[in-house]
Each structure stands twice: as C-alpha cells, then as structure tokens.
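Asker: Sequences listed follow chains A and B, in order.
Residues 7 to 88 in this note's numbering are what the first sequence lists, from first letter to last.
Residues 12 to 418 in this note's numbering are what the second sequence lists, from first letter to last.
What the hints contain is simulated information worked out from the structure, not anything from laboratory work.
Predicted model only: the values in this text are computed from it and were never measured.
Any given hint could turn out to be false.
Reference excerpt, derived from the structure (chain B facing chain A, CB under 8 Å, subset only) [claimed, not checked]:
| hint | residue |
| --- | --- |
| 1 | Q167 |
| 2 | R253 |
| 3 | P346 |
The C-beta atom is built at its ideal place from N, Cα and C for all residues, glycine as well.
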Amino acid sequence: MMLITCPWCGPRIEIEFHYGGEAGVAYPENPAELSHEEWGRYLFVRANPKGEFFERWCHSAGCRRWFDLRRDTVTHETGSIG
Amino acid sequence: MLNTLAEPSRPDRLWRSVEPRRRYQVVIVGGGGHGLATAYYLARNHGITDVALLERGWLAGGNMARNTTIIRSNYLWEASAGIYEHSLKLWEGLEETLGYPILFSQRGVLNLAHSPQEVRDSMRRVQANRLAGVDAQWLEPADVAEVCPIVNVSPQVRYPVLGATFQPRAGIAKHDYVAWGFARAASDLGVDIVENCEVTGFDVRAGRVTGVRTTRGDIAAETVALSAAGHTSVLADMVGLRLPLQSHPLQALVSELLQPVHPTVVMSNAVHVYVSQAHKGELVMGAGIDAYNSYSQRGAIHIIERQLAAAVELFPVFARAHVLRTWAGIVDVSPDASPIVGLTGIDGLLVNCGWGTGGFKATPGVGWCYAHTIANGEPHPLNAPFTLDRFTSGALIDEHGAAAVAH
C-alpha cells in the first residue's frame, strides 16, 4: 500500500486515488494534420520505464483534483514534480 | 562421523548448461515458457538449432513461475480463437510430444456471469466460440452447481451467479514441468540455454539489429527475438522501439494444502477472482492487476483483500482456508488485451509481447507461430493478425471481455 501525497490534502493511502498513466501527454495541436502513425502513437503508445516515471493521479476519494507525481516504478518511492 | 556419509547422488540435469558462443543464427531473449517453446519448435519444426536462449535470471523464474496455469481458448474473435485453440490442441498432445509429464488436466473452466449484461455477452461468446470450432456451453445456475458444487449460486449474495460459460476442454498444467519439458527437449535438439545472462544492449548496423550485448559478452545473431513479457519495454527502449505496452503487477496466492474440494476452474471477471485446486492440494487464486505501472514484482494488499472477499462469497467453504503465500508477476498489457507477435519495423528484431495477464495458456501455440515467424521472416497465418501495425491501422482485436483481467 503506497502513501501518496496529494498537493492539496497531504499524505493519504493509495486506495483514495485513481491512476491516470503518463503525465505530459498533450492533445495534438493540429489533429487534422496527423498521419495514421502519429494518431496511433498518440492514442496507444505511452512510456513504460523501469525506474523514474512522471504520471497523473486523481485524488478521487478526496478533493477529486488531478496532479502530477514523480514515482519510481521499482521502489514505489514518490516525490513531487518540479 | 559426518565425513563417512556419502553425498546423495545428484539427479541428472534436464538441459545442458553452456557458456554462450559468440555467434548464433537466432538469439531468443527471455527464458520463460514462450522463449522455451519457441526454441523447441524452431529446432523441431524448422530444423534451426543454431539457437541461444538467453535468460537474465534462472530458467522460467519470471511469470512462468508466477501464473495460475489456466489453459482455455474461449475468446471472442476468430483471430484469438485461431491461436488459442491451436495452442489448446498442442497442449492436448504435449506430454507425448515432449516425452515429459506436465500434469495437464482438462477439468473444464466456468466463466461466471453476474449481471444481465454479462449474461448477454457470455451467450454471445458461446455462440462465437462454436462458430470458431471451440467447445463452449451456456450453463444456468443449477448446472453451474452441478459442475462445481462448492460455488454459491444463491440469489441472495452481492454478486449472484446468473449463469456461466463452460469450456470442458479447458484445464490446468504444472508450469514448472512444462518449462522443464520444453527445456530438455530443446536442449536435446541442440539449443543452447544460457542462464544468468542479461541483455544490456543491442548491436545495430545500418538500421539492422546484428546482435546483443550481455553480461556474459557480446553475441552476434542474424535474428534477435524478444520474449520478455513485462520487461519487453525495457529491452525495446534500448533500440528506440516504442511499444504500446504498460507493465503492471498481477498478484496471485495459494492456500495451504487441502483435500480435493474443487473439481474445475472457476473465473469471475466481475469480482476479479479465478481459482483452481492444484494437484498437490493448494487452492490457487489470481487477482486483478494493480492499477499503476510497476516492475516491483509485488502488489498492494488491498487487491488481495478484495479478491479474497469475493472468493469467500462465491465459495463459502474457503472461509476456513489460510493463505500460505502471495506474490506478483509483471505483466505487459496492450491496449486491446491481445498480444503483439511478429515484425517490428527494425530488421533482425522480432517481438512476442503484450500477452498481459494470460500468456501461459498460449505457451505451445505462440512458440509454434513465433518459431515460424523467425524461420520465415514473416508471420504464421495464426499470428498474422497480431501485428504491431494494428495500432496504426486500427484493426484491433478487442478481447477485454474474454480476457478482462482474468485472462
């Protein structure tokens, strides 16, 4: 069970949160100009590192706000971003 | 006194332990069930024996040692029925093929439906299975109790059993024996099995993969075939290949040894539990995946708690059983819950990945097809639909319903 620090509510247990996958994936700026390959990459391909990962979490059973978290995918050590 | 006692004689090794040579025709990365089956069929079906199977730890010590050994082929789409049913047919003759006992037991699998929508989806899957030549039946709750008397089919529970699909030819096997059987047979045919040999990089020349760098030296190869399950992304990153995979822990557990109480395999997607009783007597249970990406090979206790709450409601007789141990394997989940087996767009490099929570059942089938792909440089008809390209073309093989987490 991980202890995750919500930027607004402080440290809470993992089951209060919802996972959102890789952080910083922006919607394409010019969607009409994207090739099939680029759409495929945007829709389906995300980083899957062993180690440091920047990801989205939502404090769904608390303040219900989304935030970014830096987490190690081997040790589960977490830290804030920036 | 002790010195006068002779040491007990060691049993013969099942496969040769070798120092890797510097060059092979084919290098397979990953010494799990899929890699072993691939090596075996490369040698047996295609006569290619200049093969090294590289394993970073010990043979079959990853997901092959951690799965719940369920074997079935009742998926929804024709493409899936093709490869999973081919695999099931190979399982049916595998003891004879390998000349090694694997305790393959066709005790049937029940996939429970707990809601009217699940009932409709399950009936649809039964019909699709029959059209694809896969044995499948729809059972009403009373028939479910007939097949597996310890399932609670009372309408009073939180998730009542409204019926189930039943595949009588499904079953379980002894995972270690499967690995050892393939390893012995592949080794006898000339394949080099190299343990404690981690791939740390690739040699790429003019856009072509020409070999691997390992903790036991560089090894050149005409073809490098990845078969590394949850660690596939780590390897692919080394050559700049981005794959649509996310790695998650998948947990399982066993009880202490019990008298035979559970005659079949029961799976429930809705409550995320699947359970059978191993030959030795343990109840073997799988849970859902942990939601976040992780390579830690351990999961959170609340997943186990939820799984056991569901299990005890479905099987009241389990309430007095004790958990002996829990563990997790790292599974590589693809966006459509179907595998990726074939070419990568990089010459000399092939992938077999994305089996997510359900790779064990496919072991002989994917070994057969992946070996064909390696030998011919193009996919076997049964793995041709499972391309990497489908995430560009949109020809997805959506098996979330038949796989869910409970593959």
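Asker: Next, verify each hint and record whether it holds.
Answerer: Results for each hint:
1. Interface hint status for Q167(B): violated, as the beta-carbon distance to the closest one in chain A is roughly 27 Å, over 8 Å.
2. Here the hint on R253(B) is kept, as its CB sits about 5 Å from the closest CB of chain A, short of 8 Å.
3. Taking 8 Å as the C-beta cut-off, the interface hint given for P346(B) holds, the closest approach to chain A being about 5 Å.
The structure fails hint 1 only (numbered hints given earlier).
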